[in-house]
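S.K.: Could you put together the complete structure from these sequences and hints?
2 protein chains.
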Amino acid sequence: MLSSGARWLSMAPGLQGSRHTMATVISGKKASRLVSERLKEEVGKMRSQFSGFRPRLVVLQVGDRDDSNLYISTKLKAAAEIGIEATHVRLPSTATQDEVLQSIVSVNQNPSVHGLIVQLPLDSVRPVSTELITDSVCPEKDVDGLSCVNAGKLSRGNLSDCFIPCTPNGCMELIRQTGVSVLGKHAVVIGRSRIVGAPMRDLLLWSHATVTSCHSRTADLPAQVGRADILVVGAGRAEMVRGEWLKDGAVVIDCGINHVPDRTTASGKRVVGDVHYASANQRAGFITPVPGGVGPMTVAMLMQGSEKNWRRLGR
Amino acid sequence: MLSSGARWLSMAPGLQGSRHTMATVISGKKASRLVSERLKEEVGKMRSQFSGFRPRLVVLQVGDRDDSNLYISTKLKAAAEIGIEATHVRLPSTATQDEVLQSIVSVNQNPSVHGLIVQLPLDSVRPVSTELITDSVCPEKDVDGLSCVNAGKLSRGNLSDCFIPCTPNGCMELIRQTGVSVLGKHAVVIGRSRIVGAPMRDLLLWSHATVTSCHSRTADLPAQVGRADILVVGAGRAEMVRGEWLKDGAVVIDCGINHVPDRTTASGKRVVGDVHYASANQRAGFITPVPGGVGPMTVAMLMQGSEKNWRRLGR
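If you're matching them up, the sequences are chains L and D in order. Using this note's numbering, the letters of the first sequence correspond one by one to residues 1 to 315. Using this note's numbering, the letters of the second sequence correspond one by one to residues 316 to 630.
Keep in mind the hints are simulated off the structure, nothing from the lab. Computed from a prediction, not measured in an experiment: that's the story for all the values here. Be a bit skeptical, because a hint or two may be false.
Stated by the list, open to error - To be clear about the criterion: a stretch of chain D counts as covered by chain L if any three or more of its residues have a C-beta under 8 Å from a C-beta of chain L, and this derived list gives those stretches:
hint: 1; region: 450-464
hint: 2; region: 470-478
hint: 3; region: 496-502
hint: 4; region: 505-516
hint: 5; region: 532-543
As the list claims (entries may be wrong) - Cβ pair distances, simulated, as ranges:
hint: 6; chain 1: L; residue 1: VAL89; chain 2: D; residue 2: SER444; range: 32 to 38 Å
hint: 7; chain 1: D; residue 1: ASN384; chain 2: L; residue 2: ALA223; range: 45 to 51 Å
hint: 8; chain 1: L; residue 1: SER129; chain 2: D; residue 2: ARG585; range: 48 to 54 Å
hint: 9; chain 1: L; residue 1: THR94; chain 2: D; residue 2: GLY499; range: 38 to 44 Å
hint: 10; chain 1: L; residue 1: THR94; chain 2: D; residue 2: GLY367; range: 47 to 53 Å
hint: 11; chain 1: L; residue 1: GLY249; chain 2: D; residue 2: SER408; range: 51 to 57 Å
hint: 12; chain 1: L; residue 1: LYS308; chain 2: D; residue 2: THR580; range: 53 to 59 Å
hint: 13; chain 1: L; residue 1: ARG237; chain 2: D; residue 2: GLU400; range: 49 to 55 Å
hint: 14; chain 1: D; residue 1: GLN424; chain 2: L; residue 2: SER181; range: 44 to 50 Å
Ideal Cβ positions, reconstructed from N, Cα and C, are used throughout, including at glycine.
M.R.: Next comes the structure, spelled out in structure tokens:
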């Protein structure tokens, strides 16, 4: 099942040859590094062809959430490594909706910026509509794929003509790297958010999987999960999916980032996914770890998402 | 399970009391008549409040397909009965894409028109992009819900802020009328078209069903269908779903309109759905007939879709 190029797939140490009892770990770190290296090379080529050229992204933040600060610094660092100039525009949490909109309009109109990322959630003390804000990013610079125009195109299957949200795009890349074909498989997606669940379902569907969307109102989640050849979880609930639920050999992609108390660590907490890793690892064929799975891929795909813009607009 | 108000549900003659062996027939004719009567009353009220007011729709046709002509005449007739002034704009099949776009722009800009329906498929001898055409209808007049802006909003669950394609909207209304609650149920949708399958999935999902999308690449369709509490079929293949596949008591909604040869009829053919009615009727709890099921509801919902526009814009 492993494609020969799947260098980022690795058995847990000491488990070589026992793939039927322990899952192959899909490393997002290694896969994302390959994406970054390729992008860095592309930027280099563009710069040698077009003197003075520089791909430019803007990350717009409202407020000062700790988690957002962390995500943004990761994005800025990833951009810098590739050679993308990423500017962090920060508005205070007291900014009005109109002020946020004005910031967006000015980036929309700036021809030297190739992509605009609005960091969510908006941390504002004023009434600001997230929907209105993300929809005001012009679809051509919406490298995060959060505007309804891009969501509509994706939902219809016009994948080549839209920006795809980076988390599900990263998940697809990780699935692809397992060598398991999606076509005709039964995929189950837990969650229906606009950032993960809904676009994930669309991507799997238009890769010709039969797709079941589950969520908080799903009646018998273990039974639904048990039919999944490919399972993607974006539920936001720590370790909710148990290994016993899984179909033997399933591909398990975990988008969860949850902080749980842990007295054995210096910080008193640790990060876990939406899947109970220890038990799932016994049953799955392939599994993404948390951290080090979907997370790094998300940032890499965000950079890759901007690529078509600077390749087109940069000329 | 029957709600007391479900006047349009009727047993097949002679089958009263045998609902466990024969399905209750969901009549789209009766349900659509109720919708039309309500709309007619609303138009009357609006006209008595605002002298000279008239809801206005434009149906734009390119070319001269027989089936399109038939559908359009049904729409015009339904509009006339309600008191909606529907204008049929017909462009020749030789019209260029620019000419079609110009027609759309002029309707977009005409404040007295409350809705614009582009009859599909476009019957053109020139290269005309259906996507581009439907996306050029301004989202506020896109009562058919075919633009990517409306598709994106629906896909995200913003049902109150978008126009919903009329066929799936009619299906939801028929499901609602059975009295069967959608929440937590397992719904299966066969087909993923932008007109039926994709929006149907979104509507069921945001009514909190667990939804499986099946299509031509689905590996074991009978097994998927067998898990459906609610089944909606928009596959475009005559009688492909067999009664034996169904879960006992399922709600079966058939969007198919297929012409098959029949020597016993004057025309030499007859209309059948995507579901094999005779066998499905033995297993389903509720079933829509073809014709007389989804078809009439589609037209009624198109008229209803325009309602929020003329109620808002008409003032």
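S.K.: Looking back at the hints listed earlier, which ones does the structure fail to meet?
M.R.: Of the numbered hints, all hold.
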